[in-house]
Amino acid sequence: MEKMKVLAEWSYDQAKPLRGYTGKTLKVNVGDMTFESKDVSEDMKDKFTGGRGFGLKLLWDSVKETTKWNDPENEIVISGGPLCGVTQYPGMGKFYAVFVSPLTEQTYDSNAGGHFGPLLKFAGFDAIEIQGKAKKDVVIVIDGDAKKVQILESPFDDVNAYTVTAALHEYYGDPKDINDRRFSSVLSAGKGAETTYWGCINSSFWDTHRKAPRLKQAGRGGGGSILRDKKIVAVVVKTHDLSGTANNPADIDTLTKLGAKLHKEIITLDSKQCRMRTAGTAHLNEIMNEYHLLPTHNYKFGQHPDIDNIHSSKYEKKFSQNVADGCWYGCTMACAKAVDGFVLKTGPWMGKTITVDGPEYETAAGLGSNVGVFDPEWTIETNFYADHYGIDTISVGTGIAFVCECYELGLINKKHTNGLEMKFGNKKDIMELIHRMGDGKDDFAATVGKGIHKMKDLFSEKYGASKEIMERIGMEGQGIEASEYVCKESIAQWGGYFLSLKGPQHDEAWLIFMDRVNKQLPTFEDKAEALHYFPNFRTWFSLVGLCKLPWNDIEPADNATKNTPQEAARVPEHVQNYVDIFNAVTGKKITKEDLVLQAERVYNFQRVFQLRLGKGTRKFHNIPDRALGPVWADEWEARTEYYDNELKTEGVDPAGLSSQDKCDKLQKIRRGHWEKLVDTVYKRRGWNKNGIPTVKKLKELGMDIPEVVAVVQKHSRPEDEWKD
Amino acid sequence: MITINGEKMEWKAKMTVQDIISEKRYVFPLLAVWIDGTSVARDNFGTAEVPDDASVQVIHMISGG
Ligand code: SF4
Numbered sequence: 000m001e002k003m004k005v006l007a008e009w010s011y012d013q014a015k016p017l018r019g020y021t022g023k024t025l026k027v028n029v030g031d032m033t034f035e036s037k038d039v040s041e042d043m044k045d046k047f048t049g050g051r052g053f054g055l056k057l058l059w060d061s062v063k064e065t066t067k068w069n070d071p072e073n074e075i076v077i078s079g080g081p082l083c084g085v086t087q088y089p090g091m092g093k094f095y096a097v098f099v100s101p102l103t104e105q106t107y108d109s110n111a112g113g114h115f116g117p118l119l120k121f122a123g124f125d126a127i128e129i130q131g132k133a134k135k136d137v138v139i140v141i142d143g144d145a146k147k148v149q150i151l152e153s154p155f156d157d158v159n160a161y162t163v164t165a166a167l168h169e170y171y172g173d174p175k176d177i178n179d180r181r182f183s184s185v186l187s188a189g190k191g192a193e194t195t196y197w198g199c200i201n202s203s204f205w206d207t208h209r210k211a212p213r214l215k216q217a218g219r220g221g222g223g224s225i226l227r228d229k230k231i232v233a234v235v236v237k238t239h240d241l242s243g244t245a246n247n248p249a250d251i252d253t254l255t256k257l258g259a260k261l262h263k264e265i266i267t268l269d270s271k272q273c274r275m276r277t278a279g280t281a282h283l284n285e286i287m288n289e290y291h292l293l294p295t296h297n298y299k300f301g302q303h304p305d306i307d308n309i310h311s312s313k314y315e316k317k318f319s320q321n322v323a324d325g326c327w328y329g330c331t332m333a334c335a336k337a338v339d340g341f342v343l344k345t346g347p348w349m350g351k352t353i354t355v356d357g358p359e360y361e362t363a364a365g366l367g368s369n370v371g372v373f374d375p376e377w378t379i380e381t382n383f384y385a386d387h388y389g390i391d392t393i394s395v396g397t398g399i400a401f402v403c404e405c406y407e408l409g410l411i412n413k414k415h416t417n418g419l420e421m422k423f424g425n426k427k428d429i430m431e432l433i434h435r436m437g438d439g440k441d442d443f444a445a446t447v448g449k450g451i452h453k454m455k456d457l458f459s460e461k462y463g464a465s466k467e468i469m470e471r472i473g474m475e476g477q478g479i480e481a482s483e484y485v486c487k488e489s490i491a492q493w494g495g496y497f498l499s500l501k502g503p504q505h506d507e508a509w510l511i512f513m514d515r516v517n518k519q520l521p522t523f524e525d526k527a528e529a530l531h532y533f534p535n536f537r538t539w540f541s542l543v544g545l546c547k548l549p550w551n552d553i554e555p556a557d558n559a560t561k562n563t564p565q566e567a568a569r570v571p572e573h574v575q576n577y578v579d580i581f582n583a584v585t586g587k588k589i590t591k592e593d594l595v596l597q598a599e600r601v602y603n604f605q606r607v608f609q610l611r612l613g614k615g616t617r618k619f620h621n622i623p624d625r626a627l628g629p630v631w632a633d634e635w636e637a638r639t640e641y642y643d644n645e646l647k648t649e650g651v652d653p654a655g656l657s658s659q660d661k662c663d664k665l666q667k668i669r670r671g672h673w674e675k676l677v678d679t680v681y682k683r684r685g686w687n688k689n690g691i692p693t694v695k696k697l698k699e700l701g702m703d704i705p706e707v708v709a710v711v712q713k714h715s716r717p718e719d720e721w722k723d
Numbered sequence: 000m001i002t003i004n005g006e007k008m009e010w011k012a013k014m015t016v017q018d019i020i021s022e023k024r025y026v027f028p029l030l031a032v033w034i035d036g037t038s039v040a041r042d043n044f045g046t047a048e049v050p051d052d053a054s055v056q057v058i059h060m061i062s063g064g
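These protein sequence lines map, in sequence, to chains U and X. Mind the numbering: the first sequence is residues 0 to 723 in numbering that gives the first Met the number 0, read in order. Mind the numbering: the second sequence is residues 0 to 64 in numbering that gives the first Met the number 0, read in order.
In case anyone wonders, no lab produced these hints; they're calculated from the structure. Bear in mind that the values here come from a model prediction, so they are computed numbers and not experimental data. Check the hints yourself; a few may be wrong.
[To be verified] The list that follows gives simulated cross-link-like pairs (lysine-lysine, DSS-like), each with its CA atoms no further than 25 Å apart: (1) U:K271 - X:K7; (2) X:K13 - U:K647; (3) X:K23 - U:K647; (4) U:K518 - X:K23; (5) U:K618 - U:K647.
Okay, chain U solo, but in the shape it has when bound (with noise of 0.2 Å):
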């Protein structure tokens, strides 16, 4: 790679962390090419904790309310917590991406493992902001060795992401050492992500066994189409000060001995629980199945006859085995996993042998049942593309998804499409449309690639297709996609998904089982419990840095000896061992309940954030007919018996009538349900009517900063009170 011009260059003194925070936060801007450095204050450590909140404190100090996600003064903030570069006890090592979302037009928060996160932080910060545009592509090099921060006009022609984190991981390492480039991480986007607004951001480490860059995604909401519309091609952190107590903890002995534990758990039971270090996430591919849980053809049915051909033992068989596949040092769970000496079979790099992160579970469903496929292998090239070009795998699949439905129904056509036969399980042009979308050419690429919420209103006004149908069928709320779950039975789930700040993601709550298969929600009371304390609980990862798969997707033999039901899904002992974390590394003492607080202060600064910029409302709560129950009369018909029962159990005979009413009435009930459990939620949230935080929650909360308690006064009306 040719020697990369400076066009800017900051140097800075270096601070070194200390108790999980070096007190100090970057801001790179690309537009005027300035650099600074801030400090972090008690007070913000104390209501925004760090990561995610950080990334929102730093956000809220940069907008207007005005702020679209493409002006200069859009940012993203990546954060990793005082937790984040944790080598001691697994998942310690993820960050969070902070913006204003060109899907949701609001804030968005992506988390990524890799690198970038820890590394970041050992070259001196808590957090980086990139603010402004840039007028020629770029690259920003955070160099913790020389202390020095640059601007660089980038050299690359070709954008995408495993191009430009190959070289840059070889640029900036030791000529004569390959494995010096794990002290490097790069995030990166691709060609996809300038097309599209489902640019996700690369989050990359140096896989020391394969002697080749991996990828971990920050894939949702549109992150990597903001870095491209700044110019950014890269950032790269690097630094050698990277050691086991580089965070610096109060307290080494205790993370120590905590880790060990977990360590030997997960070694010891996870063959028998989840089989995470073996299949990944994969393994949840025929379970779902089972559950009627796979999304399938649009999420119009939750199983599939050809299961079997994803079933998670082929992914297994796919995966390279005894590879320590943690995507940070010290994930025991090793779910990272990849499949090695891979042969492209379509696109640029046709013929080329490649490692392929993945696929998770949410790609194989995404890129698979979802779009009616149920081949191993396709959903592997498909998972490369994307994240070479930039795009989430999971808006990509959903959103195609969708495509397949309307034209299925024939909304759209092959003139439309320019070409394509976009029909449920077509790999060769669905393929097609994804490679459409890396070249950047085709215009109706383009228009899928906006994301499902405006392509309702785009292949209405330039195709004529109803957009009353499409509302129905369109699997999208707050503007961006759901993940790869079938929620419709299960009304808590409708809450995890479509009450959530940001729109459906499972990273909020996650409460099928809970709540349909256990019985243990039955009032929508015990519902709007859930969805008080789990998405906070979900949160509270986000603000220190963590992955949430070693909270429950592994749990300690006696979990269910030593607890009630309901404690047992809170997995108390990991609860705990979180706080003594927390403590052990910044010296303090928390508890579990203020772990919690913790969380709940920055959730509902988010909400009044959301507001800030227009959103944030009831109103924006939406949920789709889709999400609810079935839409059209072969989803009843695939479940007749179940579905009947369903009607029945809500006093309505369903003898007599055809499948398609029996389809309306079911909605019609269950609309009232929905209406109901939005209610209650925002009652046990402390919000009004409205699904605005009170004045007095944010009191509680010791969140009461002038200037949020004044957007929430300016969009408070009195009607939105409760009355009991």
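Following the hints, put chain X with the ligand in place on chain U, whose structure we already have.
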């Protein structure tokens, strides 16, 4: 008759926890079981018999994500 998570199921003599799991097709690996409020260790699912009239809870530990 026994109940499984509140739903009725016909009781059979010598029925074990594993029989119930198989019949209900509960394929999720992280299951925890209580019979009339007493927990059954996972290693004992194949041998623990379920008495008639029992109230059985088969809890699928939350997962996903
Ligand atoms: S559990 Fe998997 S995704 Fe999470 S940190 Fe470990 S390897 Fe990465």
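Here is what the structure says about each hint:
1. Using a Cα cut-off of 25 Å, the hinted pair K271 of chain U and K7 of chain X is violated, with the two alpha carbons roughly 29 Å apart.
2. Among the hinted pairs, K13 of chain X with K647 of chain U is inconsistent with the structure: their alpha-carbon atoms are about 34 Å apart, more than 25 Å.
3. For the hint pairing K23 of chain X with K647 of chain U, the CA-to-CA distance comes to about 22 Å; that is within 25 Å, so the pair holds.
4. Note on K518 of chain U and K23 of chain X: the hinted pairing holds, with a Cα-Cα distance of about 14 Å set against a maximum of 25 Å.
5. Taking the CA atoms of K618 of chain U and K647 of chain U, the gap is about 31 Å. The hint is violated against a cut of 25 Å.
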